[in-house]
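**Student:** Sequence:
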Amino acid sequence: MTRLIKEVAVRRKKLLLVAVERDGNVKISAVSKSILRGKNLMDFVRKNIDVLETILVTILVTDEYTGYNKMKDIVAHETINHSYEV
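Numbered according to my numbering, the sequence shown spans residues 1 to 86.
You may find that some hints are simply not true.
[Claimed, not checked] When the alpha-carbon atoms are kept at most 20 Å apart in a straight line, the in silico SDA-like pairs for lysine to any residue are as follows:
no. : residue 1 : residue 2
1   : Lys39     : Glu78
2   : Lys39     : Asp23
3   : Lys14     : Val45
4   : Lys39     : Arg22
5   : Lys14     : Gly24
[Claimed, not checked] Cβ-Cβ distance ranges computed for the label pairs, FRET-style:
no. : residue 1 : residue 2 : range
6   : Gly24     : Glu85     : 28 to 34 Å
7   : Thr66     : Ile28     : 20 to 26 Å
8   : Glu21     : Ser83     : 15 to 21 Å
9   : Glu85     : Asn48     : 15 to 21 Å
10  : Val57     : Ile35     : 17 to 23 Å
11  : Asp50     : Tyr84     : 19 to 25 Å
12  : Lys39     : Glu85     : 18 to 24 Å
13  : Leu16     : Asn69     : 17 to 23 Å
14  : Asp43     : Ala76     : 15 to 21 Å
15  : Tyr84     : Asn25     : 17 to 23 Å
16  : Ser32     : Thr66     : 15 to 21 Å
17  : Ala19     : Asn69     : 25 to 31 Å
18  : Glu85     : Ser34     : 18 to 24 Å
Source of the hints: derived by calculation from the structure; they are not laboratory data.
All residues carry an ideal CB built from backbone N, CA and C; glycine is no exception.
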């Protein structure tokens, strides 16, 4: 694949925001990489969490992308380091 074609293909890719509930229900939203910012992520989380349950039992687990940094303001938030080696 030539570099130009590869770059066009990468630009067209959509990212998926996925929320999985304990009972197995899945909520998915396709977004373009250009709008994947903290505000959009916060909106997705707010839209997909149960406010009453959030106070008691909800924990958001994400990777270390900086767009998630303010999540701790609305929900318990833990991160996973994908590059960690045992």
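**Student:** So, for every hint listed, does it hold in this structure?
**Tutor:** For each hint, the structure was consulted:
Between the alpha carbons of Lys39 and Glu78 the distance comes to roughly 18 Å, so the proposed pair stays at or under 20 Å and holds. This hinted pair does not check out: Lys39 and Asp23 have alpha carbons roughly 27 Å apart, beyond 20 Å. Taking the CA atoms of Lys14 and Val45, the gap is near 18 Å; set against the 20 Å cutoff, the hint holds. With a CA separation close to 25 Å, the supplied pair Lys39 and Arg22 exceeds the 20 Å bound.
Taking the CA atoms of Lys14 and Gly24, the gap is about 23 Å. The hint is violated against a cut of 20 Å. For Gly24 paired with Glu85, a C-beta distance near 31 Å keeps the hint of 28 to 34 Å intact. Checking the proposed 20 to 26 Å range against Thr66 and Ile28 shows it holds: the Cβ atoms sit about 22 Å from each other. For Glu21 paired with Ser83, a C-beta distance near 28 Å fails the hint of 15 to 21 Å.
Our hint of 15 to 21 Å for Glu85 and Asn48 is violated, since their Cβ atoms are close to 32 Å apart. The hinted range of 17 to 23 Å is not satisfied by Val57 and Ile35, whose Cβ atoms lie roughly 30 Å apart. The supplied range of 19 to 25 Å is broken by Asp50 and Tyr84, whose beta-carbon atoms lie about 31 Å from each other. Separated by about 33 Å at the C-beta atoms, Lys39 and Glu85 break the suggested range of 18 to 24 Å.
At about 20 Å, the CB distance of Leu16 to Asn69 agrees with the hint of 17 to 23 Å. About 19 Å separates the C-beta atoms of Asp43 and Ala76, a value consistent with the hinted range of 15 to 21 Å. Under the hint 17 to 23 Å, the C-beta atoms of Tyr84 and Asn25, about 29 Å apart, miss the expected range. At about 18 Å, the CB distance of Ser32 to Thr66 agrees with the hint of 15 to 21 Å.
As the Cβ distance of Ala19 to Asn69 is approximately 18 Å, the hint placing it in 25 to 31 Å is violated. Checked against the hint of 18 to 24 Å, the pair Glu85 and Ser34 fails, with Cβ atoms roughly 32 Å apart.
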